[in-house]
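We have chain A already, so just place chain B on it with the hints.
Taken in order, these protein sequences are the chains called A and B.
For what it's worth, the working numbering labels the leading residue of the first sequence as -9, then goes sequentially.
For what it's worth, the working numbering labels the leading residue of the second sequence as 788, then goes sequentially.
Just to be clear, a hint being listed does not mean it is correct.
Cut-off 35 Å, straight-line C-alpha distance, at most; resulting in silico cross-link-like pairs (DSBU-like, lysine-lysine) [to be verified]:
#1 A:199 / B:1034
#2 A:140 / B:807
#3 A:128 / B:872
#4 A:101 / B:951
#5 B:1006 / A:128
#6 A:101 / A:128
#7 A:128 / B:1038
#8 B:1034 / A:140
#9 B:807 / A:97
#10 B:807 / A:196
#11 A:140 / A:128
#12 A:67 / B:1006
#13 B:872 / A:163
#14 A:199 / B:951
#15 A:196 / B:1038
#16 B:872 / A:199
#17 B:1006 / A:97
#18 A:67 / B:1034
#19 B:1006 / A:140
#20 A:199 / A:101
Keep in mind the hints are simulated off the structure, nothing from the lab.
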Amino acid sequence: MAAIQISNIQKRYQSLQALGGVSLSIEEGEFFGLLGPNGAGKTTLISILAGLNRADAGTITVQGHDVVTDYRNARSKLGVVPQELVFDPFFTVRETLRMQSGYFGIKNNDKWIDEIMENLDLTNKADANMRALSGGMKRRVLVAQALVHKPPVIVLDEPTAGVDVELRQTLWKFIARLNRDGHTIVLTTHYLEEAQALCNRIAMLKQGKVVALDSTAALIKRISGSQLRVTLASSGNVALPSSLRDKIITHETPSDPRQFILRVTDYGHVESMLCEFRLAGCVIEDLQLLQADLEDVFLQIMEG
Amino acid sequence: MTNMTGFNTLLYKEVLRFWKVATQTITAPIMTALLYLLIFGHVLEDHVQVYPGVRYTAFLVPGLVMMSVLQNAFANSSSSLIQSKITGNLVFVLLPPLSHWEIFGAYVLAAILRGLAVGSGVFIVTVWFANLSFVSPLWIILFALLGAAMLGTMGLIAGVWAEKFDQLAAFQNFLIMPATFLSGVFYSIHSLPPFWLTLSRFNPFFYMIDGFRFGFFGKSDVDPLHSLIIVTVFFILLATIALQMLKRGYKLRH
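This is chain A alone, in the form it adopts within the complex (with noise of 0.2 Å):
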């Protein structure tokens, strides 16, 4: 049984399509990454997943419940990190998370509670009043509150956006523990390298729609595989051989007509790529091989 079931998720606001016809299946105890640009429709299926949004047509289950039918079942079983810096003001650090555990029907949690305290470093927080808090602080109590209740699902919806490297390292160390533990975690983050780093499979939406899903090692090497970055000398031809240009990935600066990135799927293909430059007169001033990482498939694909 599938961690969560997403089956062509159809939802429009008015005149735009913000999802149009999603299907995904997420397994248990993958770390799952949702990218694509702002506007993709990322935190509108997660609204919808966790039930703060209505779909226009399709079904969502979690581990086999739908989240509208039996929505009892569908939350108990997931919590989600929203995106917003969200807390209540009236209350502490401690009073926010037992009441959190208690809407999930869960009295008594002090010991897990201080234990999710101690691994997200809000311990010395635990009497302060949110308004006290910092961001980062804050962003800390928003993860623990979506744990409160040992959810198998974890969604975190940009958790890392805009917070230091204490954070993030504190916030994955324990998030990849609850992987390990067999909890499923679904990402969504801007940092590609995050993403890259932590996530064992890979969605992109684009326009509400999915237009990359596999595996991140297979993306990597099946969209972009390596690339060659090539600086022309000015001493001679500094236009790219028309036989190269299907290949082409990007100038890398743009404001520098001699420098390109090159695709390349096969590190055999190099040499024939270096003798297409030298039949057409180019001279190599400077030459790179890199190895693609999610950054660029990613730009490949939006761009695409």
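Just chain B now, with coordinates in the frame of chain A:
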């Protein structure tokens, strides 16, 4: 399947929320009601007698108590919801497995508790100024509970509907305040001209206050059973609307 712990927690949170700012939510409205009593009582004590044998200050006390109950019950649920919506922390109530019944029950019960807390406070500070009788305490309790429940429900509807403080203030100032002031808190509707007398009979707040006052004096403008039926019907109607709004996620789950 019910989530009683969830319901109890939300109720506790709503009570703790107003209790933590008790100066604003309890003491201030008690002070306001006391000022009303001192000013109106002083000015009108020797000039107005509504019921034979009942002095004006004594007539005024139950009206002020009930007005405080109603206004504060409304204020509790409406302000809590609008604040949570605007600051975004309502998400913590929408994410857990809480049903529309549990959310409704917790918000309305907390509103009733605040209304009764303020009403009790107003009664304690004003009772010394009047010679009150308690002909039928059951009617007093019944109308206080029903009135607070009805206004708590109205507050919930207003809090869900409003998208900014301005809209809620309009609801409060152009609907709740006139309805409470024109409900016979300070006078008997029989002293009104025919047009206003007829209009008052369409005001549900009038029946709450009239029935509540009957519990003290055994006298009222209309039969308390008649008032009870009207208030109960209004409460059921409003509760149905509020529950439907919560169930459908009106302005909450987009």
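Hint check:
no.: 1; hint: A:199 / B:1034; in the structure: holds (29 Å)
no.: 2; hint: A:140 / B:807; in the structure: holds (30 Å)
no.: 3; hint: A:128 / B:872; in the structure: holds (18 Å)
no.: 4; hint: A:101 / B:951; in the structure: violated (39 Å)
no.: 5; hint: B:1006 / A:128; in the structure: violated (57 Å)
no.: 6; hint: A:101 / A:128; in the structure: holds (21 Å)
no.: 7; hint: A:128 / B:1038; in the structure: holds (26 Å)
no.: 8; hint: B:1034 / A:140; in the structure: holds (26 Å)
no.: 9; hint: B:807 / A:97; in the structure: holds (22 Å)
no.: 10; hint: B:807 / A:196; in the structure: violated (46 Å)
no.: 11; hint: A:140 / A:128; in the structure: holds (20 Å)
no.: 12; hint: A:67 / B:1006; in the structure: violated (57 Å)
no.: 13; hint: B:872 / A:163; in the structure: holds (33 Å)
no.: 14; hint: A:199 / B:951; in the structure: holds (34 Å)
no.: 15; hint: A:196 / B:1038; in the structure: holds (27 Å)
no.: 16; hint: B:872 / A:199; in the structure: holds (30 Å)
no.: 17; hint: B:1006 / A:97; in the structure: violated (49 Å)
no.: 18; hint: A:67 / B:1034; in the structure: holds (21 Å)
no.: 19; hint: B:1006 / A:140; in the structure: violated (59 Å)
no.: 20; hint: A:199 / A:101; in the structure: violated (42 Å)
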